[in-house]
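Chemist: Residue-level listing of the chains:
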Amino acid sequence: MASQEILREEPSRASFINDPKVRSLVFQAVVVVVLGALVWWIVQNTIDNLQRLHIASGFGFLRGRAGFDISDSAIAYTSDSTYGRAIVVGFINTLIVAAAGIVTATIIGFIVGVGRLSRNWLIRKICMVYVEVFRNIPPLLVIFFWYSGVLSVLPAPRDSYHLPFGSFLNQRGFYFPRAMWGEGSWLILVAFLVGIAMAWFVARKAHQRQMATGQQFPVFWTSLALVVGLPVLAYALSGFPLSFDFPKQSTFNLTGGFQVKPEFLSLYLALSCYTAAFIAEIVRAGIMGVSKGQTEAAGALGVRPGSILRLVVVPQAMRIVIPPLTSQYLNLTKNSSLAIAIGYPDLTATAGTVLNQTGQAIECVLIMMVVYLVLSLVTSAVMNVVNARMALVER
Amino acid sequence: MKHIAIGILGAAALGLTATAASAGTLDTVKQKGFIQCGVSTGLAGFSAPDDKGDWQGIDADFCRAVAGAVFGDGTKVKFTPLSAKERFTALQSGEVDILSRNTTWTINRDTALGLNFIGVTYYDGQGFMINAKKLPGVNSALQLSGAAVCVQSGTTTELNLADYFKSNKMEYNPVVFEKLEEVNAAYDAGRCDVYTTDQSGLYGIRLTLGAPADHVVLPEIISKEPLGPAVRQGDDQWYHIVKWTYFALLQAEELGITKANVEEMKTSDNPEIKRVLGQEADTKIGTDLGVSNDWVVNIVKAVGNYGEMFERNVGSGSPLKIARGINALWTKGGLQYAPPIR
Chain Z
1 MASQEILREE PSRASFINDP KVRSLVFQAV VVVVLGALVW WIVQNTIDNL
51 QRLHIASGFG FLRGRAGFDI SDSAIAYTSD STYGRAIVVG FINTLIVAAA
101 GIVTATIIGF IVGVGRLSRN WLIRKICMVY VEVFRNIPPL LVIFFWYSGV
151 LSVLPAPRDS YHLPFGSFLN QRGFYFPRAM WGEGSWLILV AFLVGIAMAW
201 FVARKAHQRQ MATGQQFPVF WTSLALVVGL PVLAYALSGF PLSFDFPKQS
251 TFNLTGGFQV KPEFLSLYLA LSCYTAAFIA EIVRAGIMGV SKGQTEAAGA
301 LGVRPGSILR LVVVPQAMRI VIPPLTSQYL NLTKNSSLAI AIGYPDLTAT
351 AGTVLNQTGQ AIECVLIMMV VYLVLSLVTS AVMNVVNARM ALVER
Chain Y
396 MKHIAIGILG AAALGLTATA ASAGTLDTVK QKGFIQCGVS TGLAGFSAPD
446 DKGDWQGIDA DFCRAVAGAV FGDGTKVKFT PLSAKERFTA LQSGEVDILS
496 RNTTWTINRD TALGLNFIGV TYYDGQGFMI NAKKLPGVNS ALQLSGAAVC
546 VQSGTTTELN LADYFKSNKM EYNPVVFEKL EEVNAAYDAG RCDVYTTDQS
596 GLYGIRLTLG APADHVVLPE IISKEPLGPA VRQGDDQWYH IVKWTYFALL
646 QAEELGITKA NVEEMKTSDN PEIKRVLGQE ADTKIGTDLG VSNDWVVNIV
696 KAVGNYGEMF ERNVGSGSPL KIARGINALW TKGGLQYAPP IR
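Line by line, the protein sequences are chains Z and Y. So the first sequence is numbered by the numbering used here: it starts at 1 and just counts up by one. So the second sequence is numbered by the numbering used here: it starts at 396 and just counts up by one.
Hints were generated in silico from the structure; no laboratory data involved. Among these hints, one or two may not hold up.
Said to hold, decoys possible - Within a straight-line C-alpha distance of at most 30 Å, the following computed DSSO-like cross-link-like pairs (lysine-lysine) qualify: (1) Lys-248(Z) x Lys-528(Y); (2) Lys-425(Y) x Lys-447(Y); (3) Lys-425(Y) x Lys-638(Y); (4) Lys-529(Y) x Lys-716(Y); (5) Lys-248(Z) x Lys-529(Y); (6) Lys-427(Y) x Lys-619(Y); (7) Lys-427(Y) x Lys-528(Y); (8) Lys-248(Z) x Lys-561(Y); (9) Lys-248(Z) x Lys-564(Y).
Hey, can you work out the whole structure from these sequences and the hints?
Modeler: This is the structure in structure tokens:
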């Protein structure tokens with residue numbers, strides 16, 4: 001105790017130059033001031049240079065008429081829309097391909113990851129080859145593989161492959177009938193939502209009952225009946241309001257129906273396959289991280305192998321899996337900017353076009369950087385919440 | 396991705412260059428001993444590397460002409476291939492000294508981008524190309540409603556395309572790529588029905604396709620595309636050198652000065668020829684411009700006159716076989732006209 005008191009009092013006796021607290025404060029202040037000055041100098045210098053070179057600056061250009069068209073747009077967009085809207089269109093396209101890619105990559109990744117631990121030699125080896133192939137090829141090449149190697153060798157629109165349900169596959173993409181919802185179809189949506197809500201409620205009750213009495217309830221089949229059956233019932237009751245717009249042959253392309261363009265398809269497939277290889281390894285590591293005693297204990301209690309995986313191994317593995325999974329989701333989102341190589345109008349592509357049409361490079365690059373940063377931060381925030389919940393359940 | 400890298404580099408360059416008056420481009424160029432010339436990534440007739448890796452074409456030759464004026468040696472040029480998206484940033488940030496890359500002169504580029512176009516080295520217009528074998532019966536651009544159209548992003552072509560289909564109330568499906576090679580590959584693979592770019596470009600691209608004979612260029616020209624070299628704003632001396640190099644090329648053709656006869660023309664009795672070639676006593680035309688007085692001789696020795704440059708790269712001496720048309724001299728009914736060198 002005594003020695004501690006001496007240590008605590010010593011600084012106050014010495015000159016404040018030797019006080020570590022004061023020192024650290026001073027040094028931090030100096031660093032902040034220097035950094036601030038540096039940033040200010042760069043910004044000021046940039047503005048001066050832009051003015052000297054007579055290059056327009058500022059964000060006013062975002063309100064100007066874009067004048068170019070974008071092939072894939074989830075929101076209303078024409079060449080009369082603004083540059084700002086063009087960037088938003090690109091941003092939404094990035095979100096779509098990233099979200100679709102994340103879902104698919106996770107599904108493939110989990111299947112392959114579990115497959116690598118399978119007792120079946122063939123499944124194990126197939127999954128290993130998948131991981132080693134896709135993990136070791138740059139994502140850009142995987143995109144080109146799908147775009148130039150697979151999708152562009154499909155037949156021309158006139159000789160499309162006819163697939164079931166009136167859908168077509170050709171080098172312009174995948175066409176399938178578009179559902180045309182007639183009057184009263186809102187009832188189906190409501191029924192669907194009610195079905196989901198009821199299924200969730202049933203699952204909760206069944207879980208509570210099992211916890212209390214040990215009796216099981218066929219949750220899966222009941223839920224399926226609710227989620228599928230209710231909308232079908234509503235469909236019949238509202239007088240079958242659904243019709244389909246089938247793709248048809250016209251002079252140049254197939255018209256009508258819904259078209260998924262090859263640019264989107266190849267980017268989506270490439271990102272999914274590529275990231276799935278990494279996710280598979282993460283899942284494998286997660287499962288292997290759960291001690292073998294857990295499986296054996298569950299087996300000794302008579303739990304079936306499927307249930308062991310679902311109820312004992314996976315929940316514990318998730319704690320190991322989720323943090324690196326977040327990194328993979330971020331990687332996938334950022335890799336989606338490779339879309340530019342095959343002409344999918346994502347954020348990088350549309351903002352790049354805006355950059356070129358307006359010449360405002362600094363502003364456009366800044367917008368892209370900020371958007372990707374925010375997107376990544378939001379993704380990791382969401383994953384942190386998921387992670388926190390997983391961890392709590394375990395304790 | 397590369398354009399972002401250039402964008403960031405450009406931003407960094409703009410942020411970090413000292414605000415104090417930077418040295419003029421002429422001094423910088425003389426100091427480093429060559430001109431950095433921004434060209435396309437490969438467009439036959441304008442700027443494309445040949446089988447030895449040397450850049451050929453009108454745009455490439457124009458930079459050699461400027462090198463001739465500045466150094467008396469047309470080989471002192473280094474080429475930087477740029478995509479449509481990268482080109483302006485590359486010029487703004489000082490990565491290239493001249494942008495000679497089949498670039499359309501527009502008011503926006505002249506005013507808001509900090510560029511100065513020096514003139515029109517090639518008068519062009521936007522056209523459409525289709526595969527006549529796959530689309531028999533299509534002989535006008537007005538029949539293209541519903542087509543998938545391949546186009547390069549960040550070009551005036553992309554904007555004209557949108558305007559043309561809108562004003563004719565036609566639908567289309569844009570298939571947009573950043574690089575010319577990507578557009579070519581997509582069109583050749585049948586990803587789109589129509590290829591649109593400057594008409595001269597279409598003729599050049601047609602030669603590179605798998606079966607050139609199957610493709611036809613439709614007759615419609617939907618826009619004015621005056622293509623010319625550009626330099627940075629705020630450096631009048633360099634702007635004048637590049638601009639007058641272009642005029643000298645025209646003037647040489649008008650006076651019948653060619654690569655072959657330039658030496659004997661020096662002793663011509665015609666006072667105008669003597670003046671242009673810097674043979675007048677006590678002439679200061681060249682030195683006032685910032686180059687030597689025999690600058691026109693050097694230009695013509697480097698690439699010949701404008702007519703020679705045209706015929707060699709896109710005209711009768713090339714596989715493109717494009718007629719002079721409106722690119723003929725004003726004396727022959729064309730638009731190419733140079734103010735007097737005196």
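Chemist: Check each numbered hint from earlier against the structure, then list the numbers of those it violates in ascending order.
Modeler: 6 and 7
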